[in-house]
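Listed in order, the protein sequences are those of chains P and E. Position one of the first sequence corresponds to residue 988 (my numbering), numbered consecutively onward. Position one of the second sequence corresponds to residue 36 (my numbering), numbered consecutively onward.
Check each hint, because a few of them may be wrong.
Footprint (simulated), chain P over chain E, 3 or more residues, beta carbon under 8 Å [claimed, not checked]: (1) 167 to 174; (2) 294 to 304; (3) 335 to 343.
Dumping the calculated DSSO-like pairs for lysine-lysine here, alpha-carbon to alpha-carbon at most 27 Å [said to hold, decoys possible]: (4) E:K249 / E:K211; (5) P:K1004 / E:K269; (6) E:K293 / P:K1157; (7) E:K142 / E:K249; (8) E:K293 / E:K249; (9) E:K142 / E:K221.
Facing chain P, from chain E, some residues (calculated, C-beta under 10 Å) [said to hold, decoys possible]: (10) T55; (11) F60; (12) G61; (13) V62; (14) D156; (15) V157; (16) V160; (17) G177; (18) I229; (19) G231; (20) S232; (21) V277; (22) A282; (23) P283; (24) H312; (25) V313.
These are computed hints drawn from the structure, not numbers from a lab. Don't be surprised by glycine CBs; every beta carbon is placed ideally from N, CA and C.
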Amino acid sequence: MEIAPLGDSALIVRVRKNFDGAPDEALNAVLATRRLLENAQLPGVIELAPAYTTVGVFFDPVRVVASGAKPDEVFEWLAERIREVILNANEVRADRMETSPIQIPVCYDAEFALDLDEIAQHAGLGAQEVVDLYCASEYRVHCIGFTPGFPFLGGLPSKLATPRRSTPRKEIPSGSVAIGGAQTGIYPVQSPGGWNLIGRTPLRLFDPQKNPPALLRAGDRVRFCAISRDEFERSTR
Amino acid sequence: MNATAVRAGFSTTVQDFGRTGFRQFGVSLGGALDAHALRVANLLVGNNESAAGLEVTFGGLQLRFVDERLMAWSGGEFDARSGSTSLPVGHPVVIREGDEMGIERPKTGCRAWIAVSGGFDVPVVLGSRSTDLRGNFGGKEGRALCHGDELPLGKNSERTRILIDKLQRERIARWKPPHDWSSPAKREPTLRVIRGSEWNRFDNVTVRRFTGDKFTVSPDSDRMGVRFEGPQLKANELVDLVSEAVAPGTIQIPPSGKPILLLGDCQTIGGYPKIAHVITVDLSIAAQLRGGDEVRFREVTLADAHHLLINREQNLEQFRRGLQPHFS
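Just need the whole structure built from these sequences, with the hints factored in.
Here you go:
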């Protein structure tokens, strides 16, 4: 485990060196580390930002000094405490898995699935086969970022991996479900983006009036199920 | 009681200290790009330091008030007026019922923060009144101000009332905070940086360019980040990083080799190599950068950065104590 400064008011705990080799194991280790640090409530720590192999720790140096650190050793002092918390943990356990995955209904209507044909061509499959394969897999949220509530999902069948579009679209409608390389995700708010659109969900993935504001969080398991255009229209009404 | 944006300005947003605790959901910190400047302005009018103020970019804002208020502003070198009276930076001023105040194009810098006693009382969304322009929430309906917007104001505090009474005759207080606090804009600033995680992925020549050469601010800069033109900085190898947390102050080097300095509205995670980070106290200068400005970067140690921050905090505490007699 490596701890490195991220400027003077944040640091990064590198929980795993590698992601590609064992993405699920990395995710479990990141979530376990986040849980440990959350419970430890270290002085001056403001918030934690988990990502694929790391946990970002944002802190207020003034409060760290007020808690006893020498101004020359703010980073070292905090890093030492983080190491203690992680190394002294009796057992590093992942968050308990949800009993069932979260179901995301997706309409694969041609109007929403602008790049379905390209994905199918790339995979050497028919469009319906792509949809069936996509819906048959279980996915996991590795992290949330890019825009508020955007989930980066692992677990895409390797056959469906499709390179990002060479020219990103300027406006992707909210709810668009898309494939970017070996990952898949959902655009929660209208934004530019370069991923291949496979369908659209009527679910609202980000709602600032709710707390938590995002439907999904890192570690969640996800499944997609196909809905008709009628069902889509009914659930957005 | 409200304030009316008679003219909205080029890009004016309601901002406080931003949102914390929601990075895990992809929500940016946001908030005043120079949080320290907003703190100082709030202290000058008797507000809580974290009260919401207006962040004015490139001026053009005209506000009308319906009741008596204390107002103070901080930031770049702007011309602010109320009628024919010039409103100097960093001095609290009494705004009377029906008065207007305006802030015009800056001579140097590009942003100013306006604190009004009572604070701008827009709804709190995810723990903050700040405007999130990308997520379209917070502030005034999740957007920059439009002409004619009505902005609700909180009540004047007891402290504020006391100072308003004292300033009835002269209107503008003669005292002000130290210069550096109220006007951090510089024509050719040097930003102090500490090394980033990927500093060592750049060879010596590139690193020397980074800390030796001048960079020009691109007009294509906003609250998310400042883009620079200048010598190209390329990593030794093509670095394909797994995305991890980034922060305001982070300097990323994308494949183009042109540095991007992230500001308050930056995304929560990023995968470009991080060559360095601008230290927190110099984010006040970074918030003033505008197209054409020439910037240099100078390396300091992490301990230096923390000393500077703690010094500023001590000075602020002194200033806070010095203000006390004016409000009692």
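These are the hints, each one checked on the structure:
1. 167 to 174: Since 6 is at least three, the answer is holds.
2. 294 to 304: With 3 residues in contact (Cβ-Cβ under 8 Å with chain P), the coverage given for the segment 294 to 304 of chain E holds.
3. 335 to 343: holds (count 5)
4. E:K249 / E:K211: 34 Å, violated
5. P:K1004 / E:K269: 23 Å, holds
6. E:K293 / P:K1157: Distance ~22 Å between K293 of chain E and K1157 of chain P Cα, so the pair holds.
7. E:K142 / E:K249: Holds, because 21 Å separates the two Cα atoms, which is no more than 27 Å.
8. E:K293 / E:K249: Satisfied, since the Cα-Cα distance of roughly 12 Å is no more than 27 Å.
9. E:K142 / E:K221: Holds, at roughly 10 Å.
10. T55: 5 Å, holds
11. F60: The hint holds - F60 of chain E has a Cβ within 10 Å of chain P, the shortest such distance being about 4 Å.
12. G61: 4 Å, holds
13. V62: 5 Å, holds
14. D156: 18 Å, violated
15. V157: Since the shortest Cβ distance to chain P is 13 Å, the answer is violated.
16. V160: With a closest approach of 5 Å, the V160 of chain E hint holds.
17. G177: With a closest approach of 8 Å, the G177 of chain E hint holds.
18. I229: 6 Å, holds
19. G231: 8 Å, holds
20. S232: The hint holds - S232 of chain E has a Cβ within 10 Å of chain P, the shortest such distance being about 5 Å.
21. V277: Interface hint status for V277 of chain E: holds (5 Å vs cutoff 10 Å).
22. A282: 5 Å, holds
23. P283: 8 Å, holds
24. H312: 4 Å, holds
25. V313: The hint holds - V313 of chain E has a Cβ within 10 Å of chain P, the shortest such distance being about 8 Å.
When each numbered hint is compared with the structure, violations occur for hints 4, 14 and 15.
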